[in-house]
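Generate coordinates for the entire structure from the input sequences, incorporating the hints supplied.
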Amino acid sequence: MLEEKDVFRKVLFLQFNLLASDSIAINRTLPDIRRIQCRAYAEKLPPINKLPDTSIIIVFHNEAFSTLARTITSVINRSPHSLLREIILVDDFSNRKFLGAELELFLQTLPIRIKLIRAKERVGLIRARLMGAQEAVGNVLTFLDSHCECTRGWLEPLLARIREERKAVVCPIIDVINDQTFAYQKGIELFRGGFNWNMQFRWYAVPSDMAKQRHQKDPTAAIVSPTMAGGLFSIDKQFFQELGAYDPDMDIWGGENLEMSFRVWQCGGVIEILPCSHVGHVFRHASPHDFPKEKSSGKILNSNLARVSEVWMDQWRHFFYKISPQASALIPSLDVSERIELRKKLNCKNFNWYLQNVWKDNFLPNGRSALIGRFRHLSSNSCLFGRPSNPGKRHRLTMGTCSLGFDIWQFWVVSSSKESEGVRLMSDEHQCLSAAKEQTDNNIWRIQLRECGGHKGGFLETSLERGQYAKIFASRQTQFFKFLRRAKRQKDAKTQRQNVMAHSPVRVGQCFIRFLGRSEI
1 MLEEKDVFRK
11 VLFLQFNLLA
21 SDSIAINRTL
31 PDIRRIQCRA
41 YAEKLPPINK
51 LPDTSIIIVF
61 HNEAFSTLAR
71 TITSVINRSP
81 HSLLREIILV
91 DDFSNRKFLG
101 AELELFLQTL
111 PIRIKLIRAK
121 ERVGLIRARL
131 MGAQEAVGNV
141 LTFLDSHCEC
151 TRGWLEPLLA
161 RIREERKAVV
171 CPIIDVINDQ
181 TFAYQKGIEL
191 FRGGFNWNMQ
201 FRWYAVPSDM
211 AKQRHQKDPT
221 AAIVSPTMAG
231 GLFSIDKQFF
241 QELGAYDPDM
251 DIWGGENLEM
261 SFRVWQCGGV
271 IEILPCSHVG
281 HVFRHASPHD
291 FPKEKSSGKI
301 LNSNLARVSE
311 VWMDQWRHFF
321 YKISPQASAL
331 IPSLDVSERI
341 ELRKKLNCKN
351 FNWYLQNVWK
361 DNFLPNGRSA
371 LIGRFRHLSS
381 NSCLFGRPSN
391 PGKRHRLTMG
401 TCSLGFDIWQ
411 FWVVSSSKES
421 EGVRLMSDEH
431 QCLSAAKEQT
441 DNNIWRIQLR
451 ECGGHKGGFL
461 ETSLERGQYA
471 KIFASRQTQF
481 FKFLRRAKRQ
491 KDAKTQRQNV
501 MAHSPVRVGQ
511 CFIRFLGRSE
521 I
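FYI, full-length UniProt numbering numbers position 410 of the sequence shown as 410, with every residue one higher than the one before it.
Keep in mind that a hint or two might mislead.
Lysine-lysine pairs mimicking DSSO-like chemistry, simulated, CA-CA at most 27 Å apart [stated by the list, open to error]:
no.: 1; residue 1: 360; residue 2: 167
no.: 2; residue 1: 345; residue 2: 217
no.: 3; residue 1: 120; residue 2: 299
no.: 4; residue 1: 360; residue 2: 212
no.: 5; residue 1: 115; residue 2: 50
no.: 6; residue 1: 167; residue 2: 345
no.: 7; residue 1: 344; residue 2: 167
no.: 8; residue 1: 349; residue 2: 167
no.: 9; residue 1: 344; residue 2: 360
no.: 10; residue 1: 217; residue 2: 167
no.: 11; residue 1: 44; residue 2: 212
no.: 12; residue 1: 186; residue 2: 212
no.: 13; residue 1: 44; residue 2: 167
no.: 14; residue 1: 186; residue 2: 44
no.: 15; residue 1: 97; residue 2: 120
no.: 16; residue 1: 217; residue 2: 44
no.: 17; residue 1: 217; residue 2: 186
no.: 18; residue 1: 349; residue 2: 360
no.: 19; residue 1: 50; residue 2: 167
no.: 20; residue 1: 115; residue 2: 97
It is worth saying that the hints were derived from the structure and are not from the lab.
What you are looking at is a predicted structure, and each value in this text was computed from that prediction instead of being measured.
Here it is, written out as structure tokens:
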């Protein structure tokens with residue numbers, strides 16, 4: 001029997017409750033959580049013998065035996081065997097003994113062809129998936145993580161859609177397997193993928209008008225998604241190869257999902273989430289795996305994202321570099337010439353097309369204004385901070401010492417909306433500076449950070465005189481806001497600071513915005 005310290009060590013190592021996982025059968029029964037309409041949808045799919053077959057590719061590194069075995073078993077038990085050309089397991093240099101001979105013995109008992117590939121050194125998720133794809137013989141490649149559970153009817157919708165449109169990259173609804181109890185929880189359907197200013201993948205709710213239209217017409221229809229999470233998806237093998245597979249110079253993991261998302265869309269494909277396909281996934285609060293000793297996770301991620309930006313984001317990459325100077329610093333060490341040539345060869349569209357046609361409601365600042373900097377109070381010489389509060393709380397607005405270098409909490413963006421609406425002052429992709437009345441006294445106004453929704457207090461009037469370097473902002477509800485950008489361009493920075501003049505007295509004092517630089521978008 002395991003001692004308490006051994007149990008704790010294993011739970012910490014895997015970042016989920018190993019005891020809970022080990023106590024659950026590897027072939028446990030899962031409920032059919034699809035919409036009722038999905039059962040009628042399934043009956044309309046082409047016959048199984050008309051669907052393309054698939055190679056399932058699962059990469060693992062020191063995965064728990066029970067979660068890996070449950071992933072494989074769920075694929076076999078809930079997929080038509082005629083559609084499973086093979087299951088390819090790629091071992092990314094695991095050192096756990098039970099993933100050696102014990103795993104091989106387990107695989108021999110399974111009714112489906114299993115191909116086990118073992119890397120001779122740690123190569124990371126991206127290159128391990130490339131290893132699996134190179135060995136695959138199925139018409140479709142289906143990538144899964146090593147801690148998943150497939151539900152009934154998960155595979156057929158994915159393959160049917162690719163049969164219909166070979167350039168469709170399709171994803172299931174990702175349900176949640178609780179990392180402590182391993183209870184299976186239905187995922188939220190009306191979400192799609194995007195990314196924040198830091199180039200991190202994020203889920204965002206489908207726009208209300210789109211959700212309403214789906215509800216009225218066909219709730220089983222595919223959800224078009226600007227990006228994909230990247231862990232679970234199917235793609236036509238030939239299309240995967242035509243597109244350039246994965247970028248082999250991206251290291252370990254991180255950013256590869258955005259890179260492929262941009263490439264798919266800009267080079268003629270589509271990304272869709274299919275509501276009638278459900279796969280569960282264990283979401284952990286932290287990654288349990290270390291990076292190779294000579295590599296830091298931060299440098300790897302920044303390098304990967306810099307590659308994505310340099311190849312696919314055109315002038316918008318400069319905005320990302322303002323947010324992430326660490327990524328910008330790595331550009332001289334990168335060689336992206338082959339990927340740029342690939343983009344030219346495929347005659348791919350530009351990133352502006354992607355924003356205007358694929359993710360119309362994106363959070364990137366509008367290129368007409370795209371001013372980036374910090375707000376400094378003239379009389380106190382302090383700067384405006386938008387620091388995060390406790391989890392679930394609003395960001396706190398405070399004044400503090402102006403930092404000399406880059407400080408994300410002093411970072412503000414002026415983003416124009418429709419000409420008639422004015423501009424927004426944004427602290428991140430969804431928080432805007434706003435004027436709002438106190439609940440207890442309508443005569444008192446407060447500056448606060450609020451979601452960048454449709455409330456009018458977030459829109460600011462702006463005026464820019466010809467030939468000057470001055471910009472004035474005022475709230476449409478009150479003159480509570482007035483932020484003055486320096487009046488004229490002058491060579492001497494000290495003289496610039498001394499010559500900044502207050503526009504007029506306002507309740508918060510005059511501020512000007514000291515810009516880190518005009519964005520090149």
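Here is how each hint holds up against the structure:
no.: 1; hint: 360 x 167; result: holds (21 Å)
no.: 2; hint: 345 x 217; result: violated (39 Å)
no.: 3; hint: 120 x 299; result: holds (23 Å)
no.: 4; hint: 360 x 212; result: holds (18 Å)
no.: 5; hint: 115 x 50; result: holds (25 Å)
no.: 6; hint: 167 x 345; result: holds (17 Å)
no.: 7; hint: 344 x 167; result: holds (18 Å)
no.: 8; hint: 349 x 167; result: holds (15 Å)
no.: 9; hint: 344 x 360; result: holds (24 Å)
no.: 10; hint: 217 x 167; result: holds (25 Å)
no.: 11; hint: 44 x 212; result: holds (24 Å)
no.: 12; hint: 186 x 212; result: holds (21 Å)
no.: 13; hint: 44 x 167; result: holds (21 Å)
no.: 14; hint: 186 x 44; result: holds (24 Å)
no.: 15; hint: 97 x 120; result: holds (16 Å)
no.: 16; hint: 217 x 44; result: holds (17 Å)
no.: 17; hint: 217 x 186; result: holds (22 Å)
no.: 18; hint: 349 x 360; result: holds (15 Å)
no.: 19; hint: 50 x 167; result: holds (18 Å)
no.: 20; hint: 115 x 97; result: holds (19 Å)
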